[in-house]
Amino acid sequence: MISTVRTPLEAFREASSVLRAKGVEEPEKETELLFSEILGISRELLYTSDRDLTDKQITVLSRAIERRIKGEPLQYIIGYVEFYGLRFYVGKGVLIPRPETELLVQEVLKLVDDGFLKRDIGILDIGTGSGCIAISLAYRLKEADVIGTDISQEALQYAEKNRLYHALSNVSFIRADLFPEQKRRFDLIVSNPPYVSKEEMEHLELHVKKEPREALYGGVDGLEFYKRIMSGAREVLEKDGIIVLESGAGQRKAIEGIAREKGFDLFDVEKDLAGIDRVLVFKSE
Numbered sequence: 001m002i003s004t005v006r007t008p009l010e011a012f013r014e015a016s017s018v019l020r021a022k023g024v025e026e027p028e029k030e031t032e033l034l035f036s037e038i039l040g041i042s043r044e045l046l047y048t049s050d051r052d053l054t055d056k057q058i059t060v061l062s063r064a065i066e067r068r069i070k071g072e073p074l075q076y077i078i079g080y081v082e083f084y085g086l087r088f089y090v091g092k093g094v095l096i097p098r099p100e101t102e103l104l105v106q107e108v109l110k111l112v113d114d115g116f117l118k119r120d121i122g123i124l125d126i127g128t129g130s131g132c133i134a135i136s137l138a139y140r141l142k143e144a145d146v147i148g149t150d151i152s153q154e155a156l157q158y159a160e161k162n163r164l165y166h167a168l169s170n171v172s173f174i175r176a177d178l179f180p181e182q183k184r185r186f187d188l189i190v191s192n193p194p195y196v197s198k199e200e201m202e203h204l205e206l207h208v209k210k211e212p213r214e215a216l217y218g219g220v221d222g223l224e225f226y227k228r229i230m231s232g233a234r235e236v237l238e239k240d241g242i243i244v245l246e247s248g249a250g251q252r253k254a255i256e257g258i259a260r261e262k263g264f265d266l267f268d269v270e271k272d273l274a275g276i277d278r279v280l281v282f283k284s285e
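Under this note's numbering, think of the first position of the sequence shown as 1, with each following residue one higher.
In the DSS-like style, the derived pairs of lysine-lysine whose C-alpha atoms are separated by at most 30 Å in a straight line are: (1) 161 <-> 110; (2) 161 <-> 118; (3) 271 <-> 29.
Honestly, the hints are just simulated from the structure, not real lab data.
All chains, full assembly: derive it from the sequences and hints.
Structure representation (structure tokens):
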């Protein structure tokens, strides 16, 4: 893939050219990350070193480029992603945290700052995946008791790895289909559930299709998990509890209707940078 005798800069130009030819949107930026994370070559050394790469470095880089042009997400290749100022390990079998999901964390912290939630709240993060939401909240709300659930054992392994990495004792993870089997009450339910519809699944980009289907597919209409969450929320939510959910484009009205049927009113909406109603906040009627 990459020529056998190359300085870092020559290899960088060749690698980024290959990625560009395969339609990667930011080939130079991605190649810089690969050099930094896979080869341990800083941006400064990349542009100044005249020492040829070793055969081993060329092999490692070539394999990484090959994985990328086959559609594997960059985050899986380098093994981590930054989310709300923290590092989270990710890999095959776990959903990659998105920038728009940071709005979910931001909204919860805003509710705390505004006095709608206390700092020592009990939080249930449904479909925790890598644990990015649960850990980000536990990291900033040290008095909170956070539980994350997921049906995927593979995802939970990453969540636990990330918990240990951040040395947090106020968050734990349980394998469960949405709600924990052991009944208890929470002040807050937060979730970024699977919300991609059947039609949308067919048009996902290749690198997104490499992520676990069960973390993306929300049923024929994309609303299956909202229905399930709202149906079971009253059994685990405190009387004055709050539900904070991420939603997909054009789903707000439908989710609002589902919530109203179960006795929850829309309390607040946060739009993302694209103007999509991305975060929906519900309170009991």
